[in-house]
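Line by line, the protein sequences are chains A and B. Each residue of the first sequence is one higher than the last, beginning at 1 in our numbering. Each residue of the second sequence is one higher than the last, beginning at 1 in our numbering.
Hints listed in this document are in silico derivations from the structure and should not be mistaken for laboratory results. Some clues are possibly wrong.
To be verified - Derived EDC-like pairs (lysine to aspartate or glutamate); straight-line CA-CA distance at most 20 Å:
no.	chain 1	residue 1	chain 2	residue 2
1	B	K118	A	E72
2	B	K114	A	E59
3	B	K143	A	E59
4	B	K143	A	E85
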Amino acid sequence: MFENVIADLLRVDGVKGVAIVSKDGLLIEGQASDRTIDVESVAAMVATIYGTALNVSNEVFHEEAVDIVTLESPKGKIITVEAGENAVLTVLTDPKVNLGLVRIYLKRNAQKVASML
Amino acid sequence: MTEAKVVERVNERSEEMATKINNLILYGIYKVLGAGARGLGNSIGEELLNTMIEEYGLNFEGSDDPQELLNRFTEVMINTLGFAEKGEIIVNGNSVTLKLDNPMDLYALQLLEKKGMKPMLYPMANAIAVAIKKFSGKNVLIKEIRVSDKHVEVDMLILG
Numbered sequence: 001m002f003e004n005v006i007a008d009l010l011r012v013d014g015v016k017g018v019a020i021v022s023k024d025g026l027l028i029e030g031q032a033s034d035r036t037i038d039v040e041s042v043a044a045m046v047a048t049i050y051g052t053a054l055n056v057s058n059e060v061f062h063e064e065a066v067d068i069v070t071l072e073s074p075k076g077k078i079i080t081v082e083a084g085e086n087a088v089l090t091v092l093t094d095p096k097v098n099l100g101l102v103r104i105y106l107k108r109n110a111q112k113v114a115s116m117l
Numbered sequence: 001m002t003e004a005k006v007v008e009r010v011n012e013r014s015e016e017m018a019t020k021i022n023n024l025i026l027y028g029i030y031k032v033l034g035a036g037a038r039g040l041g042n043s044i045g046e047e048l049l050n051t052m053i054e055e056y057g058l059n060f061e062g063s064d065d066p067q068e069l070l071n072r073f074t075e076v077m078i079n080t081l082g083f084a085e086k087g088e089i090i091v092n093g094n095s096v097t098l099k100l101d102n103p104m105d106l107y108a109l110q111l112l113e114k115k116g117m118k119p120m121l122y123p124m125a126n127a128i129a130v131a132i133k134k135f136s137g138k139n140v141l142i143k144e145i146r147v148s149d150k151h152v153e154v155d156m157l158i159l160g
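Please model the complete structure; the sequences and the hints are all you need to start from.
This is the structure we're talking about:
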């Protein structure tokens, strides 16, 4: 269903994994180049991180909306955007990925996912 | 009052209290985690479904008809677990609606609504979503949870 979205994002230099996840934590579709990554577990965690970010935004800014959630670790990044009312789109990347480029690809593909759900 | 009646009454009250305390715990989790609690839904649904299969006799063998699978799910949910007074799962094309009368977690959901928070997690619906995925390979999105005085209704959408 989302093969094109996944392929488009995996073409970006430094992107190692892509997942489309329902806000309930269900992996809708995903792929990771590193086979040690359990994409289903990551999906549940990403949904929780995104939801918690929404809650924090609501508490601090009185606005339950988040443009992008970025988790940076020394070994990589996890970047998540909303993809419609019921899902999020997330990528796992190398630490030195071009963040600007990833954001553009993420936003563009999130719109595609949103229109299909 | 006989001793047996006293024991029965104490048991009833303990059960009532346990349900109320569980509801308050659920409410507390929703309140602190807010939308973050929603992300736990699929994992909770998975465990709930496994428990229903392993401990409460939910058996999907011998049927690949989705409506039949959901009927068996409802039977265990209502008759074995006593999760609600009455339950129904309606499938209409790609839409699935779970309707429950007086479910055990109604109090937590009503508390949330009273405080102006929209319920975003419904474990029984998550368990249904996991069951559908397990037996048909199709993903299910939970679209809306509606709470009224005595009922909970959850709308789901089967993808693909």
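Right, here's what the structure says about each hint:
1. B:K118 <-> A:E72: Roughly 31 Å separates the two Cα atoms, so the pair is violated.
2. B:K114 <-> A:E59: Holds. K114 (chain B) to E59 (chain A) sits at ~18 Å (cutoff 20 Å).
3. B:K143 <-> A:E59: violated, 24 Å
4. B:K143 <-> A:E85: holds, 9 Å
When held up to the earlier numbered hints, the structure conflicts with 1, 3 and fits the remainder.
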